[in-house]
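J.: Below are the chains, spelled out letter by letter.
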Amino acid sequence: MSVVLPVRAPARGGRLSRRLRRTADNPWGRPRFLGAVTWLYMAWSIVPVVIAIQFSFNAGRSLTAWQGFSLSRWYWGDPINSVFKDPALQHALLQSLKLAGLDVLIAVPLGVSLALGLARWRGPGAKAANFLMLFPLVTPEIVMGVALFLVFLHLFTFIHPGTTAQLLGHVTFSISYVVIVMRGRLFSIGRDYEEAAIDLGATHWQTLRLVLLPLLVPAVLASAIIVFAISIDDFVISSWLSCGSSCDTVPINVYSAARQAPLPSINALAAMLVYITIGVVLIGYGLYRLAMRGNRGSLADLGV
Amino acid sequence: MAGGAVSLSALAKQFGDFVAVAGIDLDIPSGEFFSMLGPSGCGKTTTLRMIGGFEKPTSGRILLDGVDVTETSAHRRPVNTVFQSYALFPHLNVFDNVAFGLRRARVDKTNVRRRVATALELVGLTGREHSKPIQLSGGQQQRVALARALILEPAVLLLDEPLGALDAKLRKNLQTELKALQKTVGITFIYVTHDQEEALTMSDRIAVMCDGRVDQLGAPREVYEEPSTVFVADFLGVANLLPAKVVDSNGNGGCRVRLGETELDAGRGDTATRGDAMLVVRPERVFLEEHGSAGPNRVPGMVERVVYLGPAVQVVVRLAAGGTIQALVQGTSDELRWRQGTPVHAHLPGDALRVLTSREPEIAPAGDDQEEKR
Chain A
1 MSVVLPVRAP
11 ARGGRLSRRL
21 RRTADNPWGR
31 PRFLGAVTWL
41 YMAWSIVPVV
51 IAIQFSFNAG
61 RSLTAWQGFS
71 LSRWYWGDPI
81 NSVFKDPALQ
91 HALLQSLKLA
101 GLDVLIAVPL
111 GVSLALGLAR
121 WRGPGAKAAN
131 FLMLFPLVTP
141 EIVMGVALFL
151 VFLHLFTFIH
161 PGTTAQLLGH
171 VTFSISYVVI
181 VMRGRLFSIG
191 RDYEEAAIDL
201 GATHWQTLRL
211 VLLPLLVPAV
221 LASAIIVFAI
231 SIDDFVISSW
241 LSCGSSCDTV
251 PINVYSAARQ
261 APLPSINALA
271 AMLVYITIGV
281 VLIGYGLYRL
291 AMRGNRGSLA
301 DLGV
Chain B
1001 MAGGAVSLSA
1011 LAKQFGDFVA
1021 VAGIDLDIPS
1031 GEFFSMLGPS
1041 GCGKTTTLRM
1051 IGGFEKPTSG
1061 RILLDGVDVT
1071 ETSAHRRPVN
1081 TVFQSYALFP
1091 HLNVFDNVAF
1101 GLRRARVDKT
1111 NVRRRVATAL
1121 ELVGLTGREH
1131 SKPIQLSGGQ
1141 QQRVALARAL
1151 ILEPAVLLLD
1161 EPLGALDAKL
1171 RKNLQTELKA
1181 LQKTVGITFI
1191 YVTHDQEEAL
1201 TMSDRIAVMC
1211 DGRVDQLGAP
1221 REVYEEPSTV
1231 FVADFLGVAN
1241 LLPAKVVDSN
1251 GNGGCRVRLG
1261 ETELDAGRGD
1271 TATRGDAMLV
1281 VRPERVFLEE
1291 HGSAGPNRVP
1301 GMVERVVYLG
1311 PAVQVVVRLA
1321 AGGTIQALVQ
1331 GTSDELRWRQ
1341 GTPVHAHLPG
1351 DALRVLTSRE
1361 PEIAPAGDDQ
1371 EEKR
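As given, the protein sequences belong to chains A and B, one line each in that order.
If you read the first sequence in the working numbering, its first letter stands for residue 1, the second for the next number, and so on.
If you read the second sequence in the working numbering, its first letter stands for residue 1001, the second for the next number, and so on.
You may find that some hints are simply not true.
[What the hints assert, rightly or not] Beta-carbon label-pair distances, calculated as ranges:
#	chain 1	residue 1	chain 2	residue 2	range
1	B	L1309	A	S113	55 to 63 Å
2	B	S1059	A	L208	51 to 59 Å
3	A	N130	B	S1059	51 to 59 Å
4	A	S113	B	E1225	29 to 37 Å
5	A	P124	B	L1063	46 to 54 Å
6	B	T1118	A	L208	29 to 37 Å
7	B	V1307	A	G123	47 to 55 Å
8	A	R21	B	Y1308	48 to 56 Å
9	A	G123	B	A1010	19 to 27 Å
10	B	F1018	A	G117	19 to 27 Å
11	A	G117	B	G1016	37 to 45 Å
12	B	A1105	A	G125	44 to 52 Å
13	A	G117	B	S1059	49 to 57 Å
[Said to hold, decoys possible] Just a few of them, taken from the derived set where beta-carbon distance is under 7 Å, the chain B residues facing chain A:
#	residue
14	F1018
15	F1054
16	T1058
17	T1070
18	T1072
19	A1074
20	H1075
21	A1087
22	F1089
23	Q1140
If you're looking for bench data, these hints aren't it; they were derived computationally from the structure.
Every residue, glycine too, gets a C-beta built ideally from N, C-alpha and C.
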């Protein structure tokens, strides 16, 4: 039995270019180029965060020159300037957490109800309402901030700049995100489950409580994570509706400190924001996994 | 359990300008296995949803055991539904799914447990109480949906293409089971399907629907053997539809029909009509003979295609008069006689030829697309 070897065309070019061509032509080869681009992007976006966190552990007072490692100085070690000793920084952190936490507690239930209404609303006005829902998303934040500021200044004068105004601002733009996530889930769930529940004798309220809400839990968690994350790093609206230094959030505080005499304590403050956000996301994801047990669907299915 | 009698009078539903159901009158007696059969968009599902209380009729009434339930909301109607998607609650296990309705009705714990056990036994799922729906096969999910709907002892069970998502073999088995189950529980079943075979095998009566109307209502044998419209003849099974002209009475209760050059005796259908009509003949009633064989009711043609179907052979004959006709030849040895290009005479017995004058079919009559339905 003879084996006929395919006759190869004489190779052109050098050895390297031949190898490259063979690699590029191999349909089963690993997507090296895509992999490289992905990793480059990851490095590019993570490096600044890593550097910022690194300098929160600087033993010296510089934001640019590494003067040795200190775990605690800018977190709680320094008696005057560390995050836990400086009342301004402490206050900013609390203010940020307070706003983000309350925002989640208010925007998520409101957004869920709104999404339920919009998704099940048939009739004139439904389309317009669905479209208007997207407005806070596409409006530049600065416009939104100014507009809210003017509204509180001239129209709703009983609301003074301060925590309440800041919270109202956050809730205003957070709701859109909740509605979008929830509506996606509602459409993918469809109406069959609700109709089945009603068919079996459940009232509308029982249908919502016993069937719809349990099915919506994953989307509720996903939108809570999103709301927390966008609220805690909001700068523009928080600063427009601020009442001065006692309303400073972490981003505002970092911003003003950076313009004066920055110390690594602002890195520590910002780093704590990162830790908290990551912590919240991890907890949320854990709960999400718990809720999705034995349930078809994935994060992608929620548009997350 | 006693089944309920359903009566629809002038029931209609419009979605904007679209007429989904154009005024239906139906009387479904207690305990009947009733099917609504038709192509998609014929209004069968909309009708079912109106009976279930999920769509508000534009006009007309729905009576259940003589009581007007048109305005009764879905969760108060003694009617339950098996959905096409089953709609089993994914976060509840089999037991909780089946018990859902009982708990809404505030049945006490002991009774819930007892009745769920009975219902699961009825559908052969004892022992799967703690499975989540996703862990069950399609057929098992379908049974859970049945148990969940039946446990409330509804007067009427509505089924919206409940076997549509299952594979052919399983569907066949479940058809038989469903029919047996209906006999056992004695509830009125209203079954919606586009599958004519499903409707024929299970139903006591079938309403063949088209464009929001009931085209024909009758027992399976009746709608298949004696279709009253061209649409019904065409939709149920395979029918040869030949445009022809009725010329005269044949003095024998039937009529003389001109098909191309040939005159035929037709003994069924609307034999009193004159002029243009449609001749309908089932493929299994068409007999192929050698070319030149003498006798009445023979039309000449040539074999265009021979298709092997397993238990039978389908022979498509192009008629000299134009158009094609299908013949179903049973058995094995005959297939060798009919090859592509063989000239033949097709024998169309007078008692198998139906004259229909009503509505035109949507697809071209006697065209090549007839056999696509096989």
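J.: Each hint: holds or not?
T.: To see whether the hints hold, each was checked on the structure:
1. B:L1309 <-> A:S113: 55 to 63 Å: 58 Å, holds
2. B:S1059 <-> A:L208: 51 to 59 Å: 31 Å, violated
3. A:N130 <-> B:S1059: 51 to 59 Å: Given about 31 Å between the Cβ atoms, the range is violated.
4. A:S113 <-> B:E1225: 29 to 37 Å: For E1225 of chain B against S113 of chain A, whose Cβ atoms are near 57 Å apart, the range 29 to 37 Å is violated.
5. A:P124 <-> B:L1063: 46 to 54 Å: 33 Å, violated
6. B:T1118 <-> A:L208: 29 to 37 Å: 30 Å Cβ-Cβ, so the 29 to 37 Å window holds.
7. B:V1307 <-> A:G123: 47 to 55 Å: Given range 47 to 55 Å: holds, Cβ gap about 52 Å.
8. A:R21 <-> B:Y1308: 48 to 56 Å: 51 Å, holds
9. A:G123 <-> B:A1010: 19 to 27 Å: 26 Å, holds
10. B:F1018 <-> A:G117: 19 to 27 Å: 26 Å, holds
11. A:G117 <-> B:G1016: 37 to 45 Å: Given about 22 Å between the Cβ atoms, the range is violated.
12. B:A1105 <-> A:G125: 44 to 52 Å: 37 Å, violated
13. A:G117 <-> B:S1059: 49 to 57 Å: For G117 of chain A and S1059 of chain B the Cβ distance comes to about 29 Å; the hint is violated.
14. F1018: 15 Å, violated
15. F1054: With a minimum Cβ separation of about 6 Å from chain A (threshold 7 Å), the hint on F1054 of chain B holds.
16. T1058: With a minimum Cβ separation of about 15 Å from chain A (threshold 7 Å), the hint on T1058 of chain B is violated.
17. T1070: 17 Å, violated
18. T1072: At 12 Å from the nearest chain A Cβ, T1072 of chain B fails the 7 Å test, so the hint is violated.
19. A1074: Cβ of A1074 of chain B sits 5 Å from chain A, so the hint holds.
20. H1075: 5 Å, holds
21. A1087: Holds: closest Cβ of chain A sits about 4 Å from A1087 of chain B, inside 7 Å.
22. F1089: 6 Å, holds
23. Q1140: It is violated, given that the least Cβ distance between Q1140 of chain B and chain A is near 15 Å, above 7 Å.
When held up to the earlier numbered hints, the structure conflicts with 2, 3, 4, 5, 11, 12, 13, 14, 16, 17, 18, 23 and fits the remainder.
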